[in-house]
Every structure is written in structure tokens, then in C-alpha cells.
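J.: Chains A and B, in that order, give the protein sequences.
The numbering of the first sequence is the numbering used here, which starts it at 1 and goes up by one.
The numbering of the second sequence is the numbering used here, which starts it at 1 and goes up by one.
The set of hints was computed from the structure by calculation and includes no laboratory data.
Among the hints, a few may not be true.
[Said to hold, decoys possible] Stretch by stretch, here's where chain A covers chain B in the computed footprint (C-beta under 8 Å, at least three residues): (1) 74-81; (2) 85-96; (3) 199-205.
Yeah, the Cβ is synthetic: ideal placement off N, Cα and C, and Gly gets one too.
Here is what each chain is made of, one letter per residue.
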Amino acid sequence: MCAKNIAVLDYGAGNLTSVRLAFRRVGAQVLVTDDPAAAAKADALVFPGVGSAASGMAGLRRSHLDGVLLDGIRSGKPVLAVCLGMQMLLSHSAEDGGVAGLAVVPGRVELFLFPPEKRVKVPHMGWNTVVHPGTHPVFAGIPSGEAFYFVHSYYALPAEEEKVLARSEYAGVEFACAVGGRNVFAVQFHPERSGEAGLQMLENFMKWDGSICC
Amino acid sequence: MLLKRLIVCLDVRDRRVTKGVRFLDNRDVGDPVELAEKYCRDGADELVFYDITASAEHRPTDLEMVRRVAEKVFIPFSVGGGVRSSADMRQVLLAGADKVSLNSLAVLHPEILSEGARSFGRQCVVLGMDVRFAGVSSALPSGYEVVIEGGRRGMGLDALEWARKAVDLGAGEICLNAIDTDGVRGGYELDITRMISENVSVPVIASGGAGELRHIADAFLRGKADAALVASMVHSGDFTCGGIKQFMIDNSIPARRGFVRKEK
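Chain A extracted, bound-state conformation (with noise of 0.2 Å):
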């Protein structure tokens, strides 16, 4: 099964225009969207972000999208989060004082927090190397090392060392750049910005029927 109807989920953390082109670029039929009915009937859903945690839940429950997006998790739909869609999909995200998040990943988002004569510049900005094992049908051909486009000043860490699909390294802070489970996929990174890998993976995506195995 293709996945072929995709909605992208519009719930007021920011710009999607370049998601938006990116899956038309290969091929996607895509609906951004804030009308959870409409988000409802596709066959897979985009869960993007970027801004703070505290904003993205309020302005998800306010959209009432969260109630699809888990609806859709629990029943099988290839889901794919992106940034801070990503960190939301963990139990609890240091940002803005603290925040709860979905739990559908156990696990907390921390800052990187360096010493200042580290002279570490954060947000983490650019192309970093993302290493996974190989076995993933969302990384299919993509090699391990493969350089994906980064920026976050939080980073995730999963209680579960299975739910971790990729890690990257920055300034010797190694963290999950993608984490998930059977038809979840969530990375740190922007594949919609990430040139052809990034285009690989999200054709990776389309076509993905939310399971691991073949």
C-alpha cells in the first residue's frame, strides 16, 4: 500500500510552505490543514512545528488536531513529526518552564547546555551527519552518515534505547535526531530542507504503509 492522500497538520507553529512544496516535489497529494475532519480521512499525517512547547500544545489542543494525530497513531496511519513536532511526541520538554507533552515516545527534551568557555553556539545550526542502522523503510537508500539540515536548541532523550531510529553528535552532546515506533517517525531535522536526502526521505515516506517490516 502507497500512501497517497497526506494531510500536513496546520495548528499555528509555523511557516509550512516549504513542506508543502517539498512533498509535492515528489509526487504527494497534499493537504495542509487545520479542519481535523478533513486531517481525519488521510490516509497519512504530517505533524511539523516550529516555535517554543508550550506554544505548539496550546495552539494543537486549541486546533483540536491532537485528537486526530493520536487517533491517527493508534490506528496504524504512517505519521511522520517533524522539529518540534517531533519533541512534542515525547512524555515532557524542558522548554518554557516545563511542559507535558504526548507521551507517544517515553522520554524527556532537554536544552544543550554548554560551558561557556566551550564557546558552543546554540541554536544547533546546519547540515549534521545522522547515523541509523540501516533497516528503517523510511531511510531506504539513504546511507548512514548521510547529512541532514538541523536547527534546535532542545534535543530529545528517550527513556527507550528502541524507540531511537538515528543519533547525531554536536559538540560532543550525542542525541536521537529520530525516534519512533511501528507507523511513527519523527526526526529533529528538516528533510523538506535537506536537498535530496531530505526529498529521498520523504518519498521514503509516501510510499511508507506505517509498518517496519516488510
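Fit chain B to the given chain A structure using the hints.
T.: For chain B alone, kept in the frame of chain A given last:
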């Protein structure tokens, strides 16, 4: 590992990419969208578009061009020129740009940096800084003065002091352009690049003067830049992004190799 970025700059006038020397004598390079696609395929990590005549012509940024670029470009790109308010910034971002570059406007109205960071996140706010060596003095401890309006107007403002203030206000990245070396292809101004890069908490892009491969290495190894911006080097056809990337890798500067997707 975080990689060092190679950024290609496209100066656009009348919907054509042009390149000048020290901001003058512009000559035609090609169509902005076609060139953008070419540089993406060739391994550029990011693109910068400057609508170089928007301010002089008192018109807003050419949003149609931004939209056309966004249809074809799937790496980060920033847009500068013609942005006069945070409402203008919003239009440019909604048209598909990832970042907005603010230069003269930020010097004259620094609050735009805070407004932009608050409304869109500081990762969208790039401070473009044109600087010129003026000699070390009590007014200019770094020796470099900030200039605006394409280099025509000196502001008596110290480059390092301005960089720090702009970051405090909300700039998420600094593109530091040395106008004495712009388009001359004699190398970046490494002293001021390093001074700023080591003293601010945001990435610094070295700009103005790259002409040879060793200049790129210098920007990273001596200038401590996070990214190097090129224009003439690649517009002339003398170098390709892929070739520059290979040179970076050969010199132990971590860089992204090209990835080829199997188009169906």
C-alpha cells in the same frame, strides 16, 4: 558532526543574477531559478538571494521570484533587499524563504531584529553586515566600521560592537561582508571574521573576497567562520560547489557530499 557550510550568493537585478566588483560594474550571470537549481545539484548547502535594487527603487522584495525559487529549491535559502518591516519579513517567509537578511534597516532601526526574532524565531533573522577597514581608534576598537546603503554611507559604528548588540537584540546569524574585498577575489577579511565569530553566540558567515580554494580553507581555519559565502568563484565557472566541497574534505574541513536521489 556539524558540517561547515558553503553558501552561494545570488545578487538579483531585474530578475537576473548579476555580479559586481566592490558593489559596482554588475554583469549578467543568468536566471535566478535555473542557477539556484544548478547550485543545489552541485552541492551548495544554502543559497542567499539579494534583491539588490529593491531599496534604491523604494519597492518591496520581489516575492514572485521568492515563490519561484521555493518551488525548486529544497535547501535553506535567505532573502534580502526591500524588507522594511516585520510585515515585509512575514511576506518573504510565507513566499517560501527560510530566513530574511536585514542590513541597512537593522542599523537604522535595530528594533526590527527583536520584532523579527519574536514573531518568527531568531533562526529566521540574519544580520547582513557590510564592513570596511577604517583603522583602530577609540570609536572603532575593532578597526572596522559598519557601512550601509551598499557601502555608500559610513555609520561610525564599530563592527564588533554592532555584531554583539544585534545578537542581543535577536539576530540568529551574521553574514559578515567585507566590502573592500567584495568581488575582488583576493580572500576574505579574516581578522574581523575571527574577531566576530569568537565573540558572538550565533553562526558567522564569511563573505566578500573568495577567489581561490585556499580562501575557503582560510575562512574556516583562520577566520573561524561557520560558513563561507561565494559568488564570483562559482558564477565565473572557474570553480564548482562540488569541487570546493571536495577541497574542504581533502583539507579536513567537515563538509557535506552530494546525494543523488533516484528520480522515477
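J.: Evaluate each hint against the coordinates.
T.: For each hint, the structure was consulted:
1. As drawn, the segment 74-81 of chain B meets chain A at 3 residues by the rule of a beta-carbon pair under 8 Å; at three or more, the given contact holds.
2. Residue count for the segment 85-96 of chain B with a Cβ under 8 Å from a Cβ of chain A: 4. That meets the three needed, and the coverage hint holds.
3. Using a Cβ-Cβ cut-off of 8 Å, 3 residues of the segment 199-205 of chain B lie near chain A, which meets the minimum of three, so the contact claim holds.
Of the numbered hints listed earlier, not one is contradicted by the structure.
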